[in-house]
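K.L.:
Chains as they are written, first to last, in the numbering used here: chain Y, 43 to 315; chain C, 376 to 756; chain G, 11 to 193.
Everything labelled a hint here was simulated from the structure, so no lab data went into it.
Virtual Cβ for every residue (Gly too), placed ideally from N, Cα, C.
Treat the hints with caution; some may be incorrect.
[Said to hold, decoys possible] Okay, the calculated beta carbon distance ranges per label pair:
no. : chain 1 : residue 1 : chain 2 : residue 2 : range
1   : G       : E172      : Y       : T205      : 46 to 54 Å
2   : G       : G42       : Y       : I306      : 33 to 41 Å
3   : Y       : I306      : G       : S107      : 48 to 56 Å
4   : C       : T491      : G       : G57       : 18 to 26 Å
5   : C       : P564      : Y       : E231      : 37 to 45 Å
6   : C       : V724      : Y       : G182      : 50 to 58 Å
7   : G       : S107      : C       : Q729      : 54 to 62 Å
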Amino acid sequence: MNPEIAQYYRVNKLPHIWCPGCSNGIVVRSIVEAIDKAGLDQDKTVIVSGIGCSSRAPGYMNFDTLHTTHGRALAFATGVKLAKPELNVFVITGDGDCTAIGGNHFIHAARRNIDLNVILFNNNIYGMTGGQYSPTSPTGTKATTAVYGNIERSFDSCKLAQTAGASYVARGNAFNTRQLTDIILKGIENPGFSFIEALSSCPVYYGRRNKKGGPADMLKWQRDVCVTQAAYDRLPEEKRAGKIITGVLHHEPQPEYTAEYAKIIEKAQGGNG
Amino acid sequence: MSVTSLKAKLMQGNQACAEGAIYAGASFYAGYPITPSTEIAEILSERLPQVGGRFIQMEDEIASMAAVIGASVTGAKAMTATSGPGFSLKQENIGHAMITEVPCVIANVMRLGPSTGGPTSPAQGDVMQARWGTHGDHPVITLCPNSVQECFELTVKAFNMAERFRTPVFIMFDEIIGHMRERVVLPEPGQIPVVNRKKPEVGPESYKAYEPVDETLVPPMASFGDGYRYHVTGLTHDETGFATTKPEKMAAHLQRLHDKINNFLPEVVDYEEQSIEDAEVVLLAYGSVARAASRAVKDARAAGLKVGLIRPITLWPFPGEAVKKAAAKAKAVIVAEMNLGQIINEVRVAVEGQAPVYGVLRADGEPISPTEILAKIKEVL
Amino acid sequence: MRDHWEIRFGGTGGQGLITAGVILAEAAIIDGKNAVQSQSYGPESRGGSSKAEVMIANDSIDYMKVLAADVLLVMSPEAAKKYCPEVKDDAVVIIDSTYVKDEQPVKGNVYRVNISLLAKQEVGREVVANIVALGVLVGLTKVVSWDALVQAVLARVPKGTEEMNKKALQVGLDAVKGLIDAA
Chain Y
43 MNPEIAQYYR VNKLPHIWCP GCSNGIVVRS IVEAIDKAGL DQDKTVIVSG
93 IGCSSRAPGY MNFDTLHTTH GRALAFATGV KLAKPELNVF VITGDGDCTA
143 IGGNHFIHAA RRNIDLNVIL FNNNIYGMTG GQYSPTSPTG TKATTAVYGN
193 IERSFDSCKL AQTAGASYVA RGNAFNTRQL TDIILKGIEN PGFSFIEALS
243 SCPVYYGRRN KKGGPADMLK WQRDVCVTQA AYDRLPEEKR AGKIITGVLH
293 HEPQPEYTAE YAKIIEKAQG GNG
Chain C
376 MSVTSLKAKL MQGNQACAEG AIYAGASFYA GYPITPSTEI AEILSERLPQ
426 VGGRFIQMED EIASMAAVIG ASVTGAKAMT ATSGPGFSLK QENIGHAMIT
476 EVPCVIANVM RLGPSTGGPT SPAQGDVMQA RWGTHGDHPV ITLCPNSVQE
526 CFELTVKAFN MAERFRTPVF IMFDEIIGHM RERVVLPEPG QIPVVNRKKP
576 EVGPESYKAY EPVDETLVPP MASFGDGYRY HVTGLTHDET GFATTKPEKM
626 AAHLQRLHDK INNFLPEVVD YEEQSIEDAE VVLLAYGSVA RAASRAVKDA
676 RAAGLKVGLI RPITLWPFPG EAVKKAAAKA KAVIVAEMNL GQIINEVRVA
726 VEGQAPVYGV LRADGEPISP TEILAKIKEV L
Chain G
11 MRDHWEIRFG GTGGQGLITA GVILAEAAII DGKNAVQSQS YGPESRGGSS
61 KAEVMIANDS IDYMKVLAAD VLLVMSPEAA KKYCPEVKDD AVVIIDSTYV
111 KDEQPVKGNV YRVNISLLAK QEVGREVVAN IVALGVLVGL TKVVSWDALV
161 QAVLARVPKG TEEMNKKALQ VGLDAVKGLI DAA
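Model the full structure from these sequences, guided by the hints.
P.N.:
Below, the structure is given as C-alpha cells:
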C-alpha cells in the first residue's frame, strides 16, 4: 500500500470482504485521500456507516468507526456530530441503505444541513443480500427480485439531496478518482450537509445479470457516460441521451445545524445569542 | 414535614423524569413527539441547553434511538422517551445498543395498546416488550416507578445503571404516573450518587474496546474523539471490537452480555415489601397499580385479613426469589396489572406451584382500584 | 376537619379544570400538606370531557384516584350526570348552574352557583370561571388556606392577569359567603 495513505487504513484487517472487481475499495481510497488533503485530525474524525457492502468500509479505516443498523447511519451520525461538534463526521452508505430504508433520515439530515460528509456508494443493487433491485436500479434492471425486469423508476439521489436542503451536492465515479477525491475534498470544506454520490460497480450481482461485462467494462462505461455539466452543455443534442452529469452539482452555503445549536445554548444560558 | 417542605414542589411524573436526567448528568436527548411522554421532550428541549447539553427532535422514533447511541459513543449521557408504538420502532436500534454495549436510557410512558390504542389512557402493556421487544438474546434492566418522587430517583438510577453496566436501561411508567402531579422533594447535588462510565486506563496502542479488565466484565469505554480509534459494530465481535464468525468468540461475547448483569443480580434487583411477613395472600403490583394494592393491603389488614404486597422496582430482572419466598407461606398470590396478563406469567414461574396465582387484570384505560383488589382478596381467601 | 380529601372536578375541555386541580394541589403543598393531582382527558384540547382529581392529606397518599369524592365540582351536564352519584354522603357538591340546569339526583350537600356567568359578568371573562370555582370551593370547604390559594393562583396564571384572577377568587368567595354564614 502507498505509504502516504497507509496510516488511514487498519492494514491488519485487510484483505477486505469485497468481491474481486468491486469498486468500493477505489471509492474508499478517494475518501482517505480527501481526508489527507484536507489535513483532518485523524483522532477527531469519525466514520459512520449503515449496513451493506459499502458499509463494511469503516472496519478497514483507521479512525473512530461506527458500523450501525440498516439505513440509520445518518441518524447515528447526527447524534455523534451534535453531541461533539468538533468531530469531523463522515457517513458511508449505499443506495439501498441511504435511499430506501434510510430515505427518511436522508432527507431530514439534508434539511437540517448538519455538517456531515456523506458518500453514497451507488452500485444500483443490493449486493450483500445477493442482488435484489434497489431504488437506484434503472427501470428494466434484472435482479433476483426482478427476474422479469424492474418496473420501478429510479431515484436521482443528488436531486433528492439538493431538494431536501443539502448545501453541497456532487457526483463522481470510481473510474475518475482524481475528480472523486476532489469533490469529496470540496464537500469536507463545506460546513454543512455535503452529499457525494460515487458511482460504483458491482460486476457480480449487477453487471453479470444485466450483461454489463466484466469489472473493467463497467468502469469503461462510467468513463464513457459521465460528463461534467460544462462538457454536457457543449454536446450536440443527439449525443446527450444517456449521459450522467458529474462534478459539483450544487453548492450554496446555509446555516449549519450544530453552529445554530451553539447559539441556542448561549441563549438558554442567558447570553444574547 | 415543615423542614423538608421548604424544598417540596408539586411536579408532574414526566417532569420529574426530565429533571432526574439533568441531575444524573444527561447532556443529550433525541426524541419524537408521542403521547403520553411528550412532556419529557418538551422540558428537556428547554433544560438541556441551559446546562450546555443538546436536544434534537428527530424525524422519527428510529432516528431518535440512533442519535442517542451516536451521542453516547462520544461520551455523552443520552436518553430518549417514548410510548408503546414508538418503543416498538426503537427496538431495532436498542438491539444495536445491547450488542455494542452503549449506555443509554429509554423512558417508556405506557398507554393502552396495541397500536394507537388509547393514547391518553393508562396501561402497563409493554412489560414483555421491554423484556423481549428487541431481537436476539440479551439481558435487560427495566425500572418501574410508582410515584413522581421515584420518577426522579429512578431516572437517576437508570443513568447510573446504564453507565455501570454499559447497557441500555428502560424506565417504564404508566400514563397515570407520567401525567400526575405530586409533592416531591428534590435532592441537593451530591445527595444521590451519580455514576460515570469507566474509561480506559491504557493508551490507544493496548486498548481492546471489548475486553473486560475486571470482575465486572464491563469493558472500559473510550469516547470517540479521544484518540483511541476503535471500532463499534452491531456484528458479533471479539474483544477487539471487530466482527467475528468464530462460534466460540460469538458465544463468549453473548455470554458476557448476560454475565455482566446476571452475576450482579443483588446489585440490580430491587423491590419493596409491605406486610409480607405473615401474609396469607401475597399481592404483586407495580407502577400506579401498586398504590391501589398498597391501599388494599391496609384496608384488608384493618379488616383482619393477612395480606401483603411485593412491589417490583426492577421489572427486569424480575425479583423472582422474593416472590418464591413469600409464596411458600401463602394461600394465594394475586397479581394486579393494567394488561390482560404479562408479569403474571413471570410470577407463576417464580411461585413454582406453591400457591394458586390469580389476576386482577384490566386493559380498558381505567385504573385498577383498591376496591377491585380487595374484592379479589376476599374471593380467594 | 377531614385529614384526607378526595376532590374531583368534572367538565368540558377548555374550562381550565386541570389547571384548577393543579392550583389546588399546589396550594396544599404551600400549606405543608401532601397532594396528588391526576386527570383524564380526551384527544381534544378544547371540547370533549375533562376530569381532574386532587387528593390532599396530612400524611402519605396511596391511591391517587377518587373512589368517593369528599368534594365534587361539576361544570357540564355530562359531568354532573356521571360524577354526582360517586360522592360520599356528607360530600360538598358544587354545581355550576350556568351549564347544569337539570335537577340531578345527588347525595351530599349541594351548592348551586352560577360560576361561569359570574366569571363573565362580575370579572368580565368567562375564561376565569375555573378560578371563580376555586374561590367557591375553598370558601365552602377550607381544604386549603385562603393565603395559599391566592399564592398558588398567582404563581400559575399569565403575567398581567394577576388582578383579574384575584378578583375572580373573590367573586367566588363572595358568592358562597351567604351560604356559609347560613350553614
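K.L.:
Decide, hint by hint, whether the structure agrees.
P.N.:
Structure-based check of all given hints:
1. Remark: the range hint 46 to 54 Å for E172/G to T205/Y is upheld by a beta-carbon distance near 50 Å.
2. Taken as a hint, the range 33 to 41 Å holds for the pair G42/G and I306/Y, whose Cβ atoms sit roughly 39 Å apart.
3. Distance hint check: the CB atoms of I306/Y and S107/G are about 50 Å apart, consistent with the given range 48 to 56 Å.
4. Range check, T491/C to G57/G: about 20 Å between beta-carbon atoms, so the 18 to 26 Å window is met.
5. Separated by about 43 Å at the C-beta atoms, P564/C and E231/Y satisfy the suggested range of 37 to 45 Å.
6. A hinted range of 50 to 58 Å for the beta carbons of V724/C and G182/Y is consistent with their spacing of about 57 Å.
7. Distance hint check: the CB atoms of S107/G and Q729/C are about 59 Å apart, consistent with the given range 54 to 62 Å.
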